[in-house]
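2 protein chains.
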Amino acid sequence: MKLCMIGVRGHYGYVLDGLPRLPVVQVAGVSAGADGDDVTPLAAGCKAAGRAAPVFDDYREMLDSVRPDVVVVAGPFERTAEMCIEAFRRGAHVFSEKPVAMTLDELDELAAAYARSGKHLAAMMGLRYEPHVYTAWRAVLGGAIGEVRLIDARKSYKLGRREAFYHSRRTYPGTIPWVGSHAIDWIRWFAGGEFETVFARHSTRHNRSHGELESAALCQFTLTGEVLASVSIDYFRPDAAGTHGDDRVRAVGTEGVIEVSGGKVLLADGDGERELAAECDRQIFQDFVGAIEGGGECLISAADTLAVTEACLLARQSADEGRIVTFAQRSRGGA
Amino acid sequence: MKLCMIGVRGHYGYVLDGLPRLPVVQVAGVSAGADGDDVTPLAAGCKAAGRAAPVFDDYREMLDSVRPDVVVVAGPFERTAEMCIEAFRRGAHVFSEKPVAMTLDELDELAAAYARSGKHLAAMMGLRYEPHVYTAWRAVLGGAIGEVRLIDARKSYKLGRREAFYHSRRTYPGTIPWVGSHAIDWIRWFAGGEFETVFARHSTRHNRSHGELESAALCQFTLTGEVLASVSIDYFRPDAAGTHGDDRVRAVGTEGVIEVSGGKVLLADGDGERELAAECDRQIFQDFVGAIEGGGECLISAADTLAVTEACLLARQSADEGRIVTFAQRSRGGA
Chain C
1 MKLCMIGVRG HYGYVLDGLP RLPVVQVAGV SAGADGDDVT PLAAGCKAAG
51 RAAPVFDDYR EMLDSVRPDV VVVAGPFERT AEMCIEAFRR GAHVFSEKPV
101 AMTLDELDEL AAAYARSGKH LAAMMGLRYE PHVYTAWRAV LGGAIGEVRL
151 IDARKSYKLG RREAFYHSRR TYPGTIPWVG SHAIDWIRWF AGGEFETVFA
201 RHSTRHNRSH GELESAALCQ FTLTGEVLAS VSIDYFRPDA AGTHGDDRVR
251 AVGTEGVIEV SGGKVLLADG DGERELAAEC DRQIFQDFVG AIEGGGECLI
301 SAADTLAVTE ACLLARQSAD EGRIVTFAQR SRGGA
Chain V
1 MKLCMIGVRG HYGYVLDGLP RLPVVQVAGV SAGADGDDVT PLAAGCKAAG
51 RAAPVFDDYR EMLDSVRPDV VVVAGPFERT AEMCIEAFRR GAHVFSEKPV
101 AMTLDELDEL AAAYARSGKH LAAMMGLRYE PHVYTAWRAV LGGAIGEVRL
151 IDARKSYKLG RREAFYHSRR TYPGTIPWVG SHAIDWIRWF AGGEFETVFA
201 RHSTRHNRSH GELESAALCQ FTLTGEVLAS VSIDYFRPDA AGTHGDDRVR
251 AVGTEGVIEV SGGKVLLADG DGERELAAEC DRQIFQDFVG AIEGGGECLI
301 SAADTLAVTE ACLLARQSAD EGRIVTFAQR SRGGA
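If you're matching them up, the sequences are chains C and V in order. Position 36, counted from 1, in the first sequence is what the working numbering calls 36; the numbers after and before it change by one each time, with no gaps. Position 198, counted from 1, in the second sequence is what the working numbering calls 198; the numbers after and before it change by one each time, with no gaps.
None of these hints come from the bench; they were simulated from the model. Glycine included, C-beta positions come from ideal geometry on N, C-alpha and C. Possibly wrong hints are sitting among the right ones.
Stated by the list, open to error - Cβ-to-Cβ under 8 Å is the rule here; a few derived chain V residues that face chain C: (1) Glu196; (2) Phe199; (3) Gln220; (4) Thr224; (5) Asp234; (6) Arg237; (7) His244; (8) Gly245; (9) Gly253; (10) Gly270; (11) Glu275; (12) Leu276; (13) Ile324; (14) Val325; (15) Ala328.
Stated by the list, open to error - Non-contacting residues of chain C with respect to chain V, defined by C-beta distances greater than 10 Å in every case (computed): (16) Leu228; (17) Ala229; (18) Gln283; (19) Asp287.
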C-alpha cells in the first residue's frame with residue numbers, strides 16, 4: 001500500500017504513530033504542502049519509523065509520479081480541501097487534517113469529489129481514540145446512561161506564541177472549527193443524532209496579538225429529538241498548567257450521567273457514582289488502513305467527517321453573523 | 001426587629017438557620033401563603049429556634065396586624081411578586097424566594113414598589129454563601145484570574161417526584177428561572193458586568209410525567225465587554241447519586257482559570273494548578289439583617305435581585321420563542 005504525505009501543519013503524528021503496526025504501508029513520498037514550510041521533521045519522522053521516503057517540492061507532481069493508494073493531508077488549512085480533492089481525483093483514499101474545508105463551498109466540492117471517488121475519507125479526529133473519551137462513548141453506546149438528552153463539552157488550550165498562519169482567517173479556519181471541532185465531533189458521536197440548529201459566539205479580545213484568532217467561543221446546538229449540546233472553547237489555559245489541553249465531555253441521559261473530566265471517567269447511574277477504567281487499544285491510522293483493506297472499521301466515517309465540518313463552519317457563521325443557523329437550510333452536499 | 005414569614009414552598013430555612021445569630025429578631029407572625037399549604041413545619045421551625053410565633057390564615061391580615069420591619073416571602077411562586085409588593089407598601093424590608101417575579105410585568109411592578117419604598121430587597125441566592133462558590137468569587141474579585149472572559153456554570157438536580165405545583169407554568173416559573181437562577185446569578189456576580197444578550201433552549205422530554213416542567217435547558221449569555229457565559233441545567237441527576245445537586249462554576253480569565261467542581265475549588269494560574277481551601281463564615285439572613293441595621297453588607301443587593309430575575313425571565317422567553325433576546329430592548333424598571 002503506497003502512501004503519500006502532504007504537509008507539516010497538522011497531526012501527521014497519528015500516521016507516524018500507526019506505521020509500526022502497519023508493515024503493509026510504504027511511504028512513497030512526502031511534500032511540504034506550502035512554500036516555506038520545512039518538510040524536515042516529516043521526512044525525519046518517516047525515516048525514524050523505518051519508512052524513509054523521497055521528498056517532492058510539488059505535491060501534485062508527487063501524486064502524479066507516485067500514484068499512491070492513500071494520501072495524508074496536513075498542509076495549510078486553506079489548501080486542505082484542494083489537496084483532498086486532488087487526491088480523490090487520482091483515485092486515492094484520503095486521511096486529512098480537520099476541518100477538511102475552510103468554507104461551505106469548498107466542503108460541497110469536496111463532498112462531490114469524495115462521492116465520485118468511491119474511496120475512503122476520514123478526518124484526524126484523533127481524540128475519539130483518547131482512552132477516557134473512547135471509554136465514555138462505549139459506555140453510552142452500551143446504554144449506561146439511557147437516552148442522551150444533554151451534552152456539555154469543553155476545549156481549553158494554552159495559547160503560547162503561535163505561528164503567523166494562526167493569525168488570519170485566510171490561513172486559519174477560526175477557533176470554533178480548529179479547536180472546537182473535537183468537541184463538536186464528540187457531541188454528534190455521543191448523541192447519535194444529527195445537528196438541527198446552532199447559535200454561537202466568539203471573541204478575539206485579549207488574544208495577545210494573535211490578529212483574528214478568537215480567544216474564546218461558545219456554541220449551543222440542538223440535535224434530533226430535542227437533544228441539547230453546548231461547547232465551551234478558550235485559549236486561556238495558563239502556560240504553567242500541567243497539560244496543554246483541559247478537555248471535558250459530559251453526557252446526561254435518562255438513566256445516568258457520564259463525564260470525562262480531570263483524567264477520569266465518572267459514571268452516575270441507578271447504582272450510585274463510580275469511576276470507569278479508561279482504555280483504548282485502537283489506533284486511528286491503523287483503523288483507517290483496516291477500513292480500506294475491508295477487514296476493519298474506522299471510528300470516523302466520511303459522513304462523520306463531512307457532517308462535523310459542516311457543523312463547525314455553520315457554528316462559525318452563526319458567531320460571525322450573530323444569528324441562529326438552521327442546518328436544514330443547506331443541502332447536505334455529498335454527506 | 002419584628003419579622004413576618006409568609007409561605008412554605010421555598011428556602012425559608014435560610015432564615016431559621018440565621019435566627020440563632022440574630023437575638024434582635026422577633027418572629028411576630030407566620031402564614032402559609034397559599035390555601036392548602038401546611039404551615040406546621042414553618043411554625044415548628046420557629047419554635048425550635050426559640051421564636052415561637054402566632055399563625056395567621058391570611059398574610060395581608062398578618063402584615064396589617066403586626067406591622068413587621070421585615071417580611072420573608074416563600075409562598076407560591078405565582079404570588080411572590082404580589083407578596084413582596086404588599087410588604088413594600090407597608091414599609092417593610094423584603095427577603096424573598098427567587099425568582100421574585102414570574103413575568104416581566106410583575107418584575108416592573110415590583111421594581112417600582114421597591115424603588116418607592118426606600119427599603120431593602122434581597123432574593124434567597126443562598127448559593128453565593130456556599131463555601132466553595134464564595135471562595136472562588138473572592139479569588140476572582142482579588143484578581144486571581146485577571147480579567148474574566150468566559151464563564152461556564154452547571155446545575156444538575158435530582159427530579160424525584162415533585163409536588164403538583166411544579167408541573168404547570170401557572171405555578172412554576174420554569175426550570176431556567178427556578179434551577180438556573182443560581183447559575184445565572186453566579187455569572188453576573190463573577191463577571192462583574194451586565195447581561196447584553198441571551199439565547200436559550202429547553203425541553204420537557206423525559207420529565208417523568210411532570211407536565212410542563214422542563215427537564216433540560218441551556219443558556220448562552222453575552223455580558224459587557226464580550227464576556228461569554230453558558231449555563232447547563234438538568235433534572236436527570238440519578239436518585240442514587242451522593243448529593244441532590246451537582247453544581248459547577250468555572251471562570252476563565254486573562255491570567256488564570258478557577259473552577260468549583262466536585263467539592264473542590266481549583267485554580268490554574270501562572271504558578272501552576274492548586275486547590276484553594278473553601279470557607280465562608282457569613283450567613284445570608286444575618287447579612288441581610290446586618291444591611292438593614294446599617295453595619296453590614298448583604299452579598300445580594302436589590303439591583304442584583306432585579307437584574308438576575310430579569311435575566312432568568314428573558315432566558316425563558318428566548319427558549320420559549322426560539323430567538324435571541326437583547327436586554328437593552330427592555331427598559332430596566334427600577335433595577
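Each hint, compared with the structure:
1. The beta carbon of Glu196 (chain V) comes no nearer than 11 Å to any beta carbon in chain C, farther than 8 Å, and the hint placing it at the interface is violated.
2. With a cut of 8 Å, the hint placing Phe199 (chain V) at the interface with chain C holds, because the nearest CB-to-CB distance is about 5 Å.
3. Proximity of Gln220 (chain V) to chain C holds as hinted, the smallest CB-CB distance being about 5 Å (cut-off 8 Å).
4. Here the hint on Thr224 (chain V) is broken, as its CB sits about 12 Å from the closest CB of chain C, past 8 Å.
5. Here the hint on Asp234 (chain V) is kept, as its CB sits about 5 Å from the closest CB of chain C, short of 8 Å.
6. Checking Arg237 (chain V) against chain C: minimum C-beta separation of about 7 Å stays under 8 Å; hint holds.
7. Given hint, His244 (chain V) at the interface with chain C, is violated; its Cβ is 12 Å from that chain's nearest Cβ, farther than 8 Å.
8. Hint status for Gly245 (chain V): violated, given a least beta-carbon distance of 12 Å to chain C, over 8 Å.
9. The interface hint given for Gly253 (chain V) is met, as the beta carbon of that residue sits about 7 Å from the closest beta carbon of chain C, less than 8 Å.
10. For Gly270 (chain V), the shortest C-beta to C-beta distance to chain C is roughly 5 Å, which falls under 8 Å, so the interface hint holds.
11. For the restraint placing Glu275 (chain V) at the interface with chain C, the shortest Cβ-Cβ distance is roughly 12 Å, beyond the 8 Å limit, so the hint is violated.
12. A distance limit of 8 Å between C-beta atoms decides the matter here; for Leu276 (chain V) the minimum to chain C is near 15 Å, and the interface restraint is violated.
13. Evaluation of the Ile324 (chain V) hint against chain C yields a held restraint, the C-beta minimum of about 7 Å falling below 8 Å.
14. Below 8 Å, beta-carbon pairs count as interface contacts, and Val325 (chain V) has none with chain C, the closest being about 12 Å; its hint is therefore violated.
15. A hinted interface residue such as Ala328 (chain V) counts as satisfied when its beta carbon comes closer than 8 Å to some beta carbon of chain C; here the least separation is about 14 Å, so the hint is violated.
16. A cut-off of 10 Å between C-beta atoms contradicts the statement that Leu228 (chain C) is not in contact with chain V; the least separation is 5 Å.
17. Listed as a non-interface residue, Ala229 (chain C) fails to keep its Cβ farther than 10 Å from every Cβ of chain V; the least gap is roughly 8 Å.
18. With a least beta-carbon separation of about 30 Å from chain V, Gln283 (chain C) lies farther than 10 Å from that chain, consistent with its non-interface assignment.
19. Against the 10 Å criterion, Asp287 (chain C) stays outside the reach of chain V, whose nearest CB is about 32 Å from its own CB.
Comparing the model with each earlier hint shows violations of hints 1, 4, 7, 8, 11, 12, 14, 15, 16 and 17; every other hint is respected.
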